[in-house]
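Protein chains in written order, with my numbering: chain B, 643 to 762; chain Y, 13 to 245.
Some clues are possibly wrong.
[Said to hold, decoys possible] With a cut-off of at most 30 Å between alpha-carbon atoms, the simulated DSSO-like pairs for lysine-lysine come out as follows: (1) 738/B <-> 239/Y; (2) 757/B <-> 216/Y; (3) 239/Y <-> 757/B; (4) 750/B <-> 157/Y; (5) 738/B <-> 235/Y; (6) 216/Y <-> 750/B; (7) 18/Y <-> 757/B; (8) 755/B <-> 216/Y; (9) 664/B <-> 645/B; (10) 664/B <-> 239/Y; (11) 733/B <-> 239/Y; (12) 710/B <-> 757/B.
Since the hints were derived computationally from the structure, they do not count as laboratory data.
Bear in mind the structure is a predicted one, so any value in this text is a computation, not a measurement.
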Amino acid sequence: PFKRYVEIGRVALVNYGKDYGKLVVIVDVVDQNRALVDAPDMVRGQMNFKRLTLTDITIDIPRVPKKKTLIEAMEKADVKNKWENSSWGRKLIVQKRRAALTDFDRFKLMLAKIKVGLLH
Amino acid sequence: MAAKRKTPVKTRNPDLIRGVGKYSRSKMYHKRGLWAIKAKHGGVFPRHDPKPKAPVDPEKAPKFYPAEDVKKPLLNKRKPKPTKLRASITPGTVLILLAGRFMGKRVVFLKQLTSGLLLVTGPFKINGVPLRRVNQSYVIATSTKVDISGVNVEKFDDKYFAKEVEKKKKKGEGEFFEAEKEDKKTLPDEKKEDQKAVDASLIKSIEGVVDLKAYLAARFSLKSGMKPHELVF
Numbered sequence: 643p644f645k646r647y648v649e650i651g652r653v654a655l656v657n658y659g660k661d662y663g664k665l666v667v668i669v670d671v672v673d674q675n676r677a678l679v680d681a682p683d684m685v686r687g688q689m690n691f692k693r694l695t696l697t698d699i700t701i702d703i704p705r706v707p708k709k710k711t712l713i714e715a716m717e718k719a720d721v722k723n724k725w726e727n728s729s730w731g732r733k734l735i736v737q738k739r740r741a742a743l744t745d746f747d748r749f750k751l752m753l754a755k756i757k758v759g760l761l762h
Numbered sequence: 013m014a015a016k017r018k019t020p021v022k023t024r025n026p027d028l029i030r031g032v033g034k035y036s037r038s039k040m041y042h043k044r045g046l047w048a049i050k051a052k053h054g055g056v057f058p059r060h061d062p063k064p065k066a067p068v069d070p071e072k073a074p075k076f077y078p079a080e081d082v083k084k085p086l087l088n089k090r091k092p093k094p095t096k097l098r099a100s101i102t103p104g105t106v107l108i109l110l111a112g113r114f115m116g117k118r119v120v121f122l123k124q125l126t127s128g129l130l131l132v133t134g135p136f137k138i139n140g141v142p143l144r145r146v147n148q149s150y151v152i153a154t155s156t157k158v159d160i161s162g163v164n165v166e167k168f169d170d171k172y173f174a175k176e177v178e179k180k181k182k183k184g185e186g187e188f189f190e191a192e193k194e195d196k197k198t199l200p201d202e203k204k205e206d207q208k209a210v211d212a213s214l215i216k217s218i219e220g221v222v223d224l225k226a227y228l229a230a231r232f233s234l235k236s237g238m239k240p241h242e243l244v245f
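Start from the sequences and build out the full structure, keeping to the hints where you can.
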């Protein structure tokens, strides 16, 4: 029934709080509710599992690796590209782009949609 | 008045701490050179007697004064500052008008007038908005900018937009019931020429950008699902 497990090396998406939207790696489990979590651009810290959504990606790391090892392991597993090519990752990118459209962009988008509609 | 120094004196007596100077009274007397002034004037400090005043007539009591003392209102020397222009509004920015006859129109910002109002133009040929003044509060600034370098807006100020003063007509008795209809005031040709001059170079730079002309011709409206606080303009 479960396919994605909490394990050391599981990449998760933060869905609440200051680091909303970031990809982090679970490097250790504190207790039933919390995990020690790390990412290349943040200080390693604890996070409640409720703030995390597990992804399909795992990397091969020892428990609580040094930052350098973590970054090397992430490069080796190519987390960034795997994420950006996954359908979930692509959807998030599109959402961000849509939110950043200016009024002129929205106008041009409307014209483009009309043009596509005329083809049918 | 004593002679003024060309450069102001920086204190000859620096503070050791607040309230205590470095030099004593006698040392300061020496430093200021009061001994030299005394010597110059033969052992006496120079006296400046007040000049004898010309005799002034005593003031007469005014004819009318209030029965009880009236308090004068306090003096107000406040100078209002010029309206601060939002950082997002620069010459050439496309603005969305939010109120008035041209509500929803997208319009090009030219400059801020001395009264604080924004001078704005359609351009007239594109969306029917003439050279007009608009208040900053009724405007959304978009991040779209138009190249405005070819436009000369020096001659426009608040006086240009002042209403023309009508001469008062005397009411004749016979004409009382006649509806005195004047012709609808047409715009003087001079203003039309001004509009054309401003818009000429503007339209050229607008046509240089794809879809910008159609964008300015269209009105803005909130559609279903658009959340203004989440929109990026």
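Okay, the hints, checked on the actual structure:
1. 738/B <-> 239/Y: Roughly 15 Å separates the two Cα atoms, so the pair holds.
2. 757/B <-> 216/Y: Satisfied, since the Cα-Cα distance of roughly 26 Å is no more than 30 Å.
3. 239/Y <-> 757/B: Since the Cα atoms of residue 239/Y and residue 757/B sit roughly 25 Å apart, the hinted pair holds (cutoff 30 Å).
4. 750/B <-> 157/Y: Given pair residue 750/B, residue 157/Y holds - Cα atoms ~15 Å apart, limit 30 Å.
5. 738/B <-> 235/Y: Satisfied, since the Cα-Cα distance of roughly 20 Å is no more than 30 Å.
6. 216/Y <-> 750/B: holds (20 Å)
7. 18/Y <-> 757/B: violated (77 Å)
8. 755/B <-> 216/Y: Holds - the C-alpha atoms of residue 216/Y and residue 755/B are around 27 Å apart, at most 30 Å.
9. 664/B <-> 645/B: With a Cα-Cα distance of about 22 Å, the restraint between residue 664/B and residue 645/B holds, given a limit of 30 Å.
10. 664/B <-> 239/Y: holds (24 Å)
11. 733/B <-> 239/Y: With Cα atoms ~20 Å apart, residue 733/B and residue 239/Y stay inside 30 Å; holds.
12. 710/B <-> 757/B: violated (50 Å)
In this structure, the earlier hints numbered 7 and 12 are contradicted, and the remaining ones agree with it.
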